[in-house]
Amino acid sequence: MDTLSKLGILAEAAKYDAACTSSGVNRAPVAGRVGMATGAGCCHAFTADGRCVTLLKVLMSNACSYDCAYCVNRRGNSCPRATFAPRELAELTLDFYRRNYVEGLFLSSGVIGTPDATTERMVECLRVLRHELLFDGYVHAKVIPGTSPELVDALGRLADRLSVNLELPSAASLAALCPDKDAAGVTRPMGQIASSIATGATRYLEGSRRRGGGALRPGPGSTLARRGGAEGLSRAFSPAGQATQIIVGASPEDDRQVLRLSDALYRRFELKRVFFSAYVPVMDDGRLPERDTPVPLRREHRLYQADWLMRFYDFAPEELVSPEEPWLDLDVDPKLAWALRHIDLFPLEVNEASERELLRVPGIGPVGARRILRARRAHGLDFDDLKRLRVTLARARHFVTCSGRSEADAPLDGELIRQRVVEHAKASAYNETRRQREGAADYVQGSFF
Amino acid sequence: MLLACEGDAEGILSAVGIGYLAHVAPARVRLGRAPVAQPCLDETALATPADVDLARRVLAGYERKVARGCPRSRGGACPGGCAESCGTKVLLAAACDAREAPEAIHRYLRVAFREGARVRSLGAEPDVAPFLALARAASNECERMRQFVRFSRLADGSYLSVFSPKADVLPFVGAHFAMRMGRDRFCLVDPRHGTAVFHQGDQTQAVRLDAAMAEALASEHALADDERYVRAMWKRFYDGLELAGRGAEGRGYDLRSQLMPKRFWGGLVELDPRSDDAGGPAPRRYAGGADEAAETKDGTASRGDAVPSLRSVQEEGG
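Which chain is which? The protein sequence lines are L and P, in order.
Just so it is clear: in the first sequence, position 104 is 104 by my numbering, and no numbers are missing.
Just so it is clear: in the second sequence, position 121 is 121 by my numbering, and no numbers are missing.
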């Protein structure tokens, strides 16, 4: 089978994995090598449904020995199978990179026999890419639960980011849907990766102190970056950190469980990202929801919004969901829902509020808050100023005052605000189409246990 | 008074400098892009030729004035949170094709010379906000270039891309591609603005092109033997990522067109139906056959003992 045919099979097999970013590491170019990495990453294309394509995201093989109920590559499914040779995939990555199609490689795989045999093959691919083809672009590698620590270490020395998929939000669901995996097998490599990253950071700091330097991280173009890290160190272990993915909607856990879990993962393993993937029903299995009950994309979207609030707006999961209301509101975004529940804290005076307070206002994000803080140094701001600062006033105007004045047609009335937002959203083409597709009834979480 | 200037950075900054040196009250001067700018009924029009030395003096003076006390001048971060230096922001704004760009830059520079470093806090001012919007638009266009430029490998082994951004930002992104490509030779052409970036070895150069040269560079070139096959692979990969029911029809609006503006689609290999044609047999390195033992004949997955060891794969691969 030629590479074109394999690619068709193995890209298709990898598409259900939501995680695909090329951010988190700056690496300056080195003479004689190809490529670099930038902290912000870059999306080179977008799929028809709007997902960013930044890496060549493929499976090394979809000939999987495992039998996860929801997975299109499961052992029991009859579908075309293919496997890349390590060098073949490495050369493909470089060909795509040189044409500016991708920032690098996202390497995952079905389990070819055993986790170790699969990971050996992945390590070989990355070794060819890094050491023979001299590629310095971005590499994200997936760690298969159950892989030996030595191989996880080898993978982490070649990749920029590692991820171990948690797959499902509870150990019970994992046991029910993934008979070949267990929770300990997933969290063990996560712990190893976190520990290796921390050890690398400590060694870097010690090396930096010995040199008398104060920089914690080499920026692009710095001498340190060109030398590839701290004195005496080989390539840093997974310099862009680690991530994970949780499938939502294939099992009965509510949003509160999902958000508390992701919060715990951020704290315990210092994850860079938790990705949520709305379950796509592709398999018939008695343990799964019916095939005609897809998880609304809006649930995935709300979870990402909540995750964003936790990471960049200093929200705790308990502020967004509670035992009494364990599901995120699908009608309004989590920040607006929080503001409507705490309407007594508003309106906020734009010319006096702290940055933390401004960040709690629907419609004001970190960039807007910084612009307000900077601009009000010159003079007091009014609503026209906020417009010129490109603050999203459609939401914010209900919740703020400028020098004690509110906007005339924007009263602080929770019911009215919700009604306006919901009506505005209902009128949108997106919701119109979703309603037609999902029927008139509101979404009901599938129950199968 | 209308000062009709050339639309590039040199032209605009020269006109600002001439207006300042002539001691004309700022409120009585307006900059317009020659030759399209039209004087109002009571205005006198004056053509101002670009003067590179004067433009440099204006930019250096502006940077000195605005950078006073800025941590950036001591290697720190901009207190305004800007990624670019203030000078770069002026050059970015000048790269915009917008008709109002010269006057917006002129108004902003007048405020900046008057207020000095304080201008960084004046983002909401009517004379500052339009300038910042222009700089942001050009910066976004730079990002579009970094995203959507597609190189083709030519028969001589070099890489070529033709790209037409809405602003004259090619000189800003040339260094980015030079860093990506290492020692690979490439040429990036913007026929719309008549600019090109050439890179060979460790030398990168942005040049202005005349119309004939721009047309010649942007025309068809002989491709490398494997180019069509690589394009076909990229399209196959891209097509394989689509999730059914989540596209424009299922969503109700076309999210892809918002993120990937249609004006770029003509140059995107993945959206070009011609890319489906691989143009012949696979190049040797992509012909396959070395490592297919993991596939079983009935299409089901094999167990570990059917998978070749890493060593045997390496031996087979030579």
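The reader is advised that the hints may include incorrect statements.
[As the list claims (entries may be wrong)] Covered stretches of chain L (in silico footprint by chain P; criterion: 3 or more residues with CB under 8 Å from a CB of chain P, positions within the stretch not fixed):
{"id": "1", "segment": "40-49"}
{"id": "2", "segment": "263-270"}
{"id": "3", "segment": "355-362"}
[Unchecked claim] If you want a taste of the chain L side facing chain P, the calculated C-beta under 10 Å gives, among others:
{"id": "4", "residue": "4"}
{"id": "5", "residue": "13"}
{"id": "6", "residue": "25"}
{"id": "7", "residue": "28"}
{"id": "8", "residue": "175"}
{"id": "9", "residue": "280"}
{"id": "10", "residue": "283"}
{"id": "11", "residue": "287"}
{"id": "12", "residue": "387"}
Source of the hints: derived by calculation from the structure; they are not laboratory data.
No residue lacks a Cβ here, since even glycine has one placed at the ideal position from N, Cα and C.
Hint check:
| no. | hint | verdict |
| --- | --- | --- |
| 1 | 40-49 | holds (count 8) |
| 2 | 263-270 | violated (count 0) |
| 3 | 355-362 | violated (count 0) |
| 4 | 4 | 5 Å, holds |
| 5 | 13 | 8 Å, holds |
| 6 | 25 | 14 Å, violated |
| 7 | 28 | 7 Å, holds |
| 8 | 175 | 22 Å, violated |
| 9 | 280 | 7 Å, holds |
| 10 | 283 | 14 Å, violated |
| 11 | 287 | 20 Å, violated |
| 12 | 387 | 9 Å, holds |
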